[in-house]
Amino acid sequence: MTKLSSQRSPTFLIGAGGSGTAFAACAALRRYWNDRVRVIVIDTNPAYLVSSSILADKFFQVPPYAQESFPEKLCRIVESESISGYLPLFPLEIEIAASLKRSGSLPSRVELLAPSEQSSLITGDKYLTSEWLLENGLKGPRTCLGKPDFDAERYFIKPRMGAGSKNSRMFSRAELSKKTEREPLPSDRHSGYVIQECCEPPEVTIDVFNSVSGTSFRALCRERVEIKSGVSTKARVFEDSQLSAVARTLATKLGLHGAFCFQVMKFESDWYVMDINPRPGAGTAMCNPTGNDFFGAMFADRLLESTDRFFTPLIDPCFVTRQYSEFLMPL
Amino acid sequence: MSAAQIALDLDGTLISCEQKQISVLRYAAAGIAPVDLRKAWESKRNGCNTANALKLLGVSEDAAKAITTRWEENVENPCWLSLDTVFSDVRDTLLRLRHQGFHLSLITARKRKHWLTQQLSWLGLRNELTSVTVVNPANSIFEKSVILSLIKPIVFIGDTESDGEAAKRSGIPFHAVSTGQRSREFLKSRGFESCFGSLSDALKASLL
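Chains as they are written, first to last, in the working numbering: chain A, 1 to 331; chain B, 1001 to 1208.
If you are wondering where the hints come from, they were derived from the structure by calculation, not from laboratory data.
Since this is a predicted model, take the numbers as computed values, not measurements.
Even glycine gets a Cβ: it sits at the ideal position worked out from N, Cα and C.
Treat the hints loosely; a few may be bogus.
Stated by the list, open to error - Partial pick of chain A residues on the chain B-facing surface, computed with a CB cut under 8 Å:
id, residue
1, 32
2, 230
3, 233
Stated by the list, open to error - Calculated pairs, PhoX-like style, for lysine-lysine (alpha carbon to alpha carbon, straight line, at most 25 Å):
id, chain 1, residue 1, chain 2, residue 2
4, A, 58, B, 1113
5, B, 1055, A, 166
6, B, 1113, A, 234
Chain B extracted, bound-state conformation (with noise of 0.2 Å):
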């Protein structure tokens, strides 16, 4: 009999995003318009893209795709991808899981997978994990529900709204983490009521 399957999306639920999305930002910002990051951070996390953040801000259109396009240009870049950090719990949490037979399989939008693979080892998660999956972010939502369709985990974690949609659209259940790109009140808004403030806490509930 094959293992029990757990599917996992990258950043924001295993790995953050929070302080290289700033970061990126205000490089990407600089010398274009003054941007509050802060507010903009939060803007994205009740649901906003880049862009939108920004004009919610009062920069200007022209600004906003200036920024936006400099931001999307460099956020996979190794240089920013080295601000990601592990959360606290997913080691040991990865770990247990492992241990107690589960596969787990690593779904992640990325445009530049070749970079991932080099992350993943900086980050000691490579190990951890017993596959890897990159998919197109401009088709995330599908490409997405094919995998889980495909491998038919028990459960699938992440944190935005669209890992949510893949998850609805392959059948697979489907815990929301608020650690990553949306907030615990956005993502429920959107009727994911089963959200979690970590990783350890989201696998608790589907008793695992």
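Next comes chain A alone, as it looks inside the complex (with noise of 0.2 Å):
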């Protein structure tokens, strides 16, 4: 029995609350538990900017993840909500949750729906990603810092710890050596750039559900047809084999459960893995429509529920589209 299973209202604690994945993550738990769990959202934006307060019982705002006193809230968040499962988004925030639980700021009842310390940081960093893929025989664009150490027409250019593509872009070899010519781009962890080799479209998410006790699995592509500020909104909906391997590859070698989700392109005729989110995305609620509840899924199996009824086979490729929701917040 888990923890959170073994309690008559679980409360749940959702971060990066202003994200889609947040919401579709609240949304989730309201759609299959109600009221029967309690939710709590935290946002460094205030309330009335935040549309999954909408769905929460309460609202915290905290301070940036970065900052020396976002822990310290956050575990006082924890103590005053009694918080039984913690579900941190924002890269920065779920390696802070796994270093608070390692360290046992966080209290032991709390269930992190989180890889551990170590696959936080190798898949919240770029850098760090590329080589993990390079050591475990994974295939990846070749990738380095500061400037090429490989030679390529265009480069491609992210920061090495960033979400949703945001400060990315392509450059030429020209363009690159021109920018690099008098330093090297920064490379630090928080603030610095990764360099790239280019891969070609289409770029597929593979959604992915690996339960905690390994017995129950799903994966299922999302090619990007269309992306509004990073984030997918046409999506063609497929099953594949090979990508599915590469999921169950990644599930058993960075030990990620629950839901977790990562993109891989086409280089010559290989797939190559870009990035590896070890939570769902905003995009992963595309996948409801089709009969295939992530966010269900991953809370069922924290709460020792059978995961059977959020995946449906999918036979044939199916195209979603999305539309934003307007919200009037209350002030």
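Mind docking these for me? Both chains are given alone in their own frames, and the hints should help you get the complex.
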């Protein structure tokens, strides 16, 4: 019996409340457990700018994750609200949560829906991710720091610890050479960049569920047909056994349980792993209309409920589109 | 010989409505008045509409009106519709009935019928239904009774007293389910003795 499943009214803390992922997580909790669970949402913005606050029992505005005061504030909320399960979603938040858990700063009753501290570090840092892929015989783009140490026509520059393709762009060989002529690109973990070889479309996200016991597994592919602000708005959803096998390898070797996702692109004829997110994505909810609810399965697994009802085989590929919903926020 | 028809309501009969209604009420009441969501829902299950359920909880007339208006504006938006789930016995039951050769006619009261098709696809129900008819919620008893009189199903299954009234006016047998808007106690107090805890139980009672 997990700590969560033994409680009459478990309380879930959902981080990065302003994200689409947080909204989808809160919606899943309400959809399947209604008011039998308590939902607490945190975000660095005030409640009136955080849509998921309308699904929550309580909302707390917290300091930016990089600030020293964030862990202390987090621990106070965990204590005051008797949090039993915590889903951190922002990369740095995941890392901090994993570290607090390891150090015992988060009470033992709190089930952390996040990987180990080591896996959080690897998946949160694109340079460490590339090294890990290489060490584990998985294919990924060549990656370096500072200046290119391999020759290519084009390079893709992105933050080492970024999300949602923010501050990322392509450079030609000449452009990058000019940019790094005087000094290399910053390469420190939190504000530096990685230089990667460019891969080709399609860009596919694979949504994965791996139960804590490892006995239940599901992987579904979403080809990004259109993206807005780094989030998929049009997707082709399909099954693929090769990518499902990669998903299983990542889940096993990184100890990723619950729901997570990773991105692949093509390099020549191979799928290259571009990014690993130890949590579901903002686009993961696009699988819902196909009868595959990764968020629901993630929470059900922790509550020791069967996850069968959350998945449906996909016979043929299908297209899913999404539009925004508008909410008048209470002040 | 044309196939026998079974008429079915949607919200509260084939799919849930509780978690959506409670979530929308949470949103609608935020910033207007504190509301005990569980008690409000129980009042609705015992026969109240949204406004009266709020007033019973001590919410002022003006606040109840404001909350109800916002509730009604939102409850059929796709974002909130996505909180509905199919009851656990429904898919197998509908499949079984179709294999037995029954026509399954959905009759539902919705203001925004354009979102209904999407929701039925999302929930994987569209292909299980032979026909889908949407009536105006403001006139649901009359309009449902007209449809029922036309299609003459062998039974109509629904979760409210208005479903029952519609069946009565059209002379069609009615079985109530307590899985939705109204409690078993309320439905029985309104004379609907034939009240069941699930769709499959309601159909068994009709020897289906």
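Hint numbers contradicted by this structure: Hints 2, 3, 4, 5 not satisfied by this model.
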